[in-house]
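**Student:** What follows is each chain in one-letter form.
There are 2 protein chains.
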Amino acid sequence: MSVKITTKEQAEKLISSYDYFLFDCDGVIWLGDHLLPSVSETLTYIKEQNKNIIFVTNNSTKSRDDYLSKFGKFGIKNIAKSEVFGSSYASAIYIEKILKLPKDKNIWVLGEEGIEKELKELGYTTIGGTDPKYMENGVKFDANDPLLSQIDENVGCVLCGLCFQINYLKLSMTMQYLNKGLPFIATNIDSTFPANGKLLIGAGSIIETVAYATSRQPDAICGKPNQSMMNSIKADNPNLKDKPKRGLMIGDRLNTDMKFGKDGGLDTLLVLTGIETEENVKNLNNDEQPTYYANKLGDLYDLIFLE
Amino acid sequence: MSVKITTKEQAEKLISSYDYFLFDCDGVIWLGDHLLPSVSETLTYIKEQNKNIIFVTNNSTKSRDDYLSKFGKFGIKNIAKSEVFGSSYASAIYIEKILKLPKDKNIWVLGEEGIEKELKELGYTTIGGTDPKYMENGVKFDANDPLLSQIDENVGCVLCGLCFQINYLKLSMTMQYLNKGLPFIATNIDSTFPANGKLLIGAGSIIETVAYATSRQPDAICGKPNQSMMNSIKADNPNLKDKPKRGLMIGDRLNTDMKFGKDGGLDTLLVLTGIETEENVKNLNNDEQPTYYANKLGDLYDLIFLE
Chain A
-19 MSVKITTKEQ
-9 AEKLISSYDY
1 FLFDCDGVIW
11 LGDHLLPSVS
21 ETLTYIKEQN
31 KNIIFVTNNS
41 TKSRDDYLSK
51 FGKFGIKNIA
61 KSEVFGSSYA
71 SAIYIEKILK
81 LPKDKNIWVL
91 GEEGIEKELK
101 ELGYTTIGGT
111 DPKYMENGVK
121 FDANDPLLSQ
131 IDENVGCVLC
141 GLCFQINYLK
151 LSMTMQYLNK
161 GLPFIATNID
171 STFPANGKLL
181 IGAGSIIETV
191 AYATSRQPDA
201 ICGKPNQSMM
211 NSIKADNPNL
221 KDKPKRGLMI
231 GDRLNTDMKF
241 GKDGGLDTLL
251 VLTGIETEEN
261 VKNLNNDEQP
271 TYYANKLGDL
281 YDLIFLE
Chain B
-19 MSVKITTKEQ
-9 AEKLISSYDY
1 FLFDCDGVIW
11 LGDHLLPSVS
21 ETLTYIKEQN
31 KNIIFVTNNS
41 TKSRDDYLSK
51 FGKFGIKNIA
61 KSEVFGSSYA
71 SAIYIEKILK
81 LPKDKNIWVL
91 GEEGIEKELK
101 ELGYTTIGGT
111 DPKYMENGVK
121 FDANDPLLSQ
131 IDENVGCVLC
141 GLCFQINYLK
151 LSMTMQYLNK
161 GLPFIATNID
171 STFPANGKLL
181 IGAGSIIETV
191 AYATSRQPDA
201 ICGKPNQSMM
211 NSIKADNPNL
221 KDKPKRGLMI
231 GDRLNTDMKF
241 GKDGGLDTLL
251 VLTGIETEEN
261 VKNLNNDEQP
271 TYYANKLGDL
281 YDLIFLE
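Here the protein sequences come in this chain order: A and B. All residue numbers for the first sequence refer to this note's numbering, where the first residue is -19 and numbers rise by one. All residue numbers for the second sequence refer to this note's numbering, where the first residue is -19 and numbers rise by one.
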């Protein structure tokens, strides 16, 4: 049975039991543009106990630098770039280290600036993505658009993620590249994207369009719950690799965050500030339950200092 | 074994053997904006033999009136509106006759003008679709777009088809309506859309996005090879209903046109002017083969008059 964290003793014991704290961001640290209560204090307290913290997010529209800016806007200034691990960064690392794509090959991007920034930081050239060339024509799409015939023979890989500026031209261009048999990488496959209390189209739903159109599935998925993301984190943190039970994955989604932690051998803490409810947790089978759950991340601080 | 039509005798016998000729359009009558050779003469000859002709197309971006205009541009003026059966018309008929949606209910459309025109002709009001309101905001999408909260409580059904002006806002709006549990109708589920010798994104691939995002599948699919389209055609042609073997389905796709004809009990003729090749036909199992195949539809005329 999952243990609900409701007392000072539980909160103190939880923090002292782990060396590594992995956090999902949206639904845990913030909800869209609103910082959740007592989060800043909780993070500072955990860091003061000489613990390692790592932010693990599937949102590929932002780069690690964008995340640091977002933390900064909330007044949280003590985060290092190396403590942020997003699916756009994970994808870029995958393409460089696992796919070993030469740096003189281009990458076709169906997605936003976060993906482009991380790829460029590793020395790759991207095409597609947020290039306005594919935006203006896409709005008034016609099948005679000459861009459809301008296939870059130097593209060596296709990377797809959440794409707010999606259009028919970009989707059809992506299809042309996938039909050449190029490696097909997905940042993540979340079906939905929570924003302002609504569920909008997620990266996985966009990727499903081009997957269905080409009868292909992604060759690699770099976001939670896929373990390629965990393997990269463990590669940077050998102590976590050897002793996964010294790590705690904190998140708001059972099918991504909790599965990600559990599959990686870590303990898990579900917070109820995102899309899951206490009722959902109670209805789970024993083997599906997180190790712990709490109303919110900030309870760890509130229980220790405010009760 | 499928019989290839290569002689005058075969062509004459084929035409005399059937009372109803059902034609797919793209890949059979025309390729995009190019009329295929000897098609006009073939259609005129078949009509002169007092045969019934019906055009059956999955392309929902055009209404029946749009199709008549397109035939007219090619100089083919002897087609009646009742001889055209498109997936947008089939969907409108389905919503009126099968779903029995009251006329004072609105319909949310993810698709193009062809769908809107057919629904309006039956007296329905559409929202979404080609309304520029959802286009201008979609280009510069942000999660705070007030349109996302303007859900029309009077919408009674969601109709999705091929959508060239697709964007993140329209997809996310469609998701909001589908998550209300409203009937989910698809014009057709072709994964690809052939244009100018390329395969672009088909209606089915777009519908897959919102299906994946909402964990729903369409409640009804109104295009080929689904038999709801055939049933509507047979309802208009009782002789075809009683004697399906008096009908011949002519098309360029095995998995839509040929399956549509065969499942409806009709004989089938595959033409090689679209996406299938002679090699494909020869590699099929016996039970998958069309009754006949020919290099092109116009061969029926050429073999009779030009050999």
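Just so you know, these hints were derived from the structure itself, not from any lab. One or more hints might be untrue.
It does not matter which identical chain is meant; a pair holds if it fits inside one copy or across any two.
As the list claims (entries may be wrong) - Calculated lysine-lysine pairs in the DSS-like style (CA-CA distance at most 25 Å, straight line):
hint : residue 1 : residue 2
1    : 100       : 50
2    : 113       : 178
3    : -12       : 77
4    : 113       : 214
5    : -7        : 97
6    : 262       : 242
7    : -7        : 160
8    : 178       : 160
9    : 221       : 50
10   : 223       : 100
11   : 83        : 100
12   : 53        : 239
13   : 31        : -16
14   : 113       : -7
15   : 83        : -7
16   : 239       : 83
17   : 178       : 223
18   : 214       : 262
**Student:** Checking each numbered hint in turn, tell me which of them this model violates, lowest number first.
**Tutor:** Going through the list in order, the structure violates hints 3, 4, 5, 7, 9, 10, 12, 14, 15, 16, 17 and 18 and respects the others.
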